[in-house]
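*Asks:* Chain by chain, the residues:
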Amino acid sequence: MTSLTTRWGRPELYTSYRQDMALLNTRSKVLGTVAVLVVAAMMPMLVSDNMLIILGSGLVLAIGAIGLNLVTGYAGQVSLGHAFFVGIGAYAAAVLSGDPDGRYLGLGVDFMPFWLIGAGLVAAIFGALVAPLATRLRGLYLAVVTLGLVFIGQYFFFEWNEMSGGPQVGREAARPELFGIQFTVDNGFKGGWTEEQKLYWLFLGVLVVAAVLARNIARSRIGRAFSAIRDRDVAAGVMGVNLTRYKIVAFTISSFYAGICGALMFSASGHFTPESFSLLMSVQFIAIVLIGGVATISGTIMGAMLIALLPRLASELPAFVPFLSSSASEHPNIFEFEQIMYGVLIVAFLLFEPRGLFGIWHRIRTYWKSFPFSY
Amino acid sequence: MTTVLQFDDVHLSFGAVKAVNGVSFTVEEDELFAVIGPNGAGKTSIFNVLSGVYRPQQGSVQLEGQSLLGMRPPAIARLGMARTFQNIELFANLTVLDNLMLGRHQHLRYGTLAAMHWVGRARNEELKHRLKVEEIVDFLELEQYRKFPVGLLPYGVQKRVELGRALAMEPRLLLLDEPVAGMNLEETEDMARYILDIRDELRIPMIMVEHDMGLVMDIADRIMVIDFGTPVATGTPAEIQRNPDVIRAYLGGDAGDLGDLSDAEGAHP
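Chains as they are written, first to last, in my numbering: chain H, 2 to 376; chain X, 1483 to 1751.
Hints listed in this document are in silico derivations from the structure and should not be mistaken for laboratory results. Treat the hints with care, since some could be wrong.
Unchecked claim - Under the rule of at most 30 Å between Cα atoms (straight-line distance), these lysine-lysine pairs were calculated in the DSSO-like manner:
| no. | chain 1 | residue 1 | chain 2 | residue 2 |
| --- | --- | --- | --- | --- |
| 1 | H | K370 | X | K1629 |
| 2 | X | K1610 | X | K1629 |
| 3 | X | K1614 | X | K1629 |
| 4 | H | K30 | X | K1500 |
| 5 | X | K1629 | H | K30 |
Being a predicted model, the structure only gives us computed values, none of them experimental.
Chain H with its partners taken away, still in its complex shape (with noise of 0.2 Å):
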């Protein structure tokens, strides 16, 4: 075997297809994915608590990015009711795990695989359901129709009070807590980490981990239908792919992340009301997407990483541009300077890199694997 394996003068050369089928085929992939996890697992020890909870927020955003980049991105079915999805998955985890004799509906299972899992399962059924509304429209009706399950979901939030606490108000988020760590209880001051980097850890570990399901997905013969019901739906019928069977698939995978991230989503602050998920919260998801590369896995964090970085980079801005205030009553400010960030991202993504930051990153790979001849 190993004779076959290594070769004189060749040790990368394939020798089999399970080599040429692997995630990282290449060296510079193994090297590259084990430098990007060592520096995102070092990052608690690197920078401030306050930077802390910016990236952790940030890995959320991705693990929900993902799951609309694999219904939107990967079967092309657009979604716009992505906050739907996410708020289902925090108050499935907020009651799964809230005090059974507190104020709001609480079922006290503190146990977090049990809530986590659970919130992303409630999501997933509440997907399936949605679905067969995928296989009736597509395109902008889809959208627009999606679009009215964040309505639906937002009048159903408002008013349940004694679940979600209402309009204003809110509840408390489910509270991590795993094996005598408790994620949210901070022991800095007794030399231990602190509340920010117990959850930057937790969200990168859930990160990581949706991130390979997702890659796996892509590349299995379920990802291949989702790409071909996106690319020619009538040849994916013909080819055998049932059309219905994979799109309730995808609606139903996308919802099951969404429901994780949302249920991850408040930990920090401990608390969240109804108002969060807006149709602001689905175009951010949206937003991500497509700049961080629709239909692909890595773009997509990197998409919400800027998008999570984006308020803390407005901030920094007055130093460098004098126009800008940093006070929210003097105009320009650094809030509408965000919000118009938002907008002119997205517009020159799509003129300019509709790959996006993948597409980006992309083009810097095939740079330097020919440097330094141009092609």
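We have chain H; now place chain X onto it with these hints.
*Replies:* Relative to the frame of chain H, chain X by itself:
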């Protein structure tokens, strides 16, 4: 010889337009059956009836004795019907390998959960079927294009990939909708060679719709001519070339100005 496909008295109309009007034919084992006719004669409609995209109002269609009427396209595909399209219908963003693997979609046996954790069943199945796909890559000489997104490939190669995707389904019957449309002489000859190899080596019966008369007359075993959805004649290339009705329908003129399609004796005065 056993009959692979029985297409019996099929009527398909869209409102008042009769797209297919009482067409009957059979396809035998190892046969290359060609369907010709002017534009709008209903050739592609016949293909769409066969693959389940259209549902005829009347008639019966049987693949190896199993009725196809009322079945949805994926179910018909599972029975072993594969096709290529007149205007290439490849999945443009996927690589050649992925397009071919999509042809094997129904042969790959693993579910969503197995796909998620990958190691084990999903990987074994993918590897097993990758070997099958490599046979097709080899057969159609696509080695150099494996990892290219098909949208970037030249037209002639795309046509070949589409043929490969249909072959990857391991069909019992292969439908070719204008396999050489828009190709130059060299590409046409290559394609003819592949089609003959499919019939003689892979032994897959085929129905071919094609406008290139030279190609049809050269390689088809039997030919059916249709016009305005109605069958005009069915027979061997030699019989078809001599059939006066065919000459009238196809060339729109009378037998006098026929030239190369038929000899003077066969044409009626």
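*Asks:* Does each hint hold? Answer for all of them.
*Replies:* These are the hints, each one checked on the structure:
1. Between K370 of chain H and K1629 of chain X, the direct Cα distance comes to roughly 16 Å. Compliance with the 30 Å bound is thereby established for this hinted pair.
2. Restraint check for K1610 of chain X and K1629 of chain X: the C-alpha separation of about 18 Å stays at or below 30 Å, so the hint holds.
3. Note on K1614 of chain X and K1629 of chain X: the hinted pairing holds, with a Cα-Cα distance of about 16 Å set against a maximum of 30 Å.
4. Restraint check for K30 of chain H and K1500 of chain X: the C-alpha separation of about 58 Å exceeds 30 Å, so the hint is violated.
5. Between the alpha carbons of K1629 of chain X and K30 of chain H the distance comes to roughly 17 Å, so the proposed pair stays at or under 30 Å and holds.
Figure legend: structure checked against the earlier numbered hints; the only hint not met is number 4.
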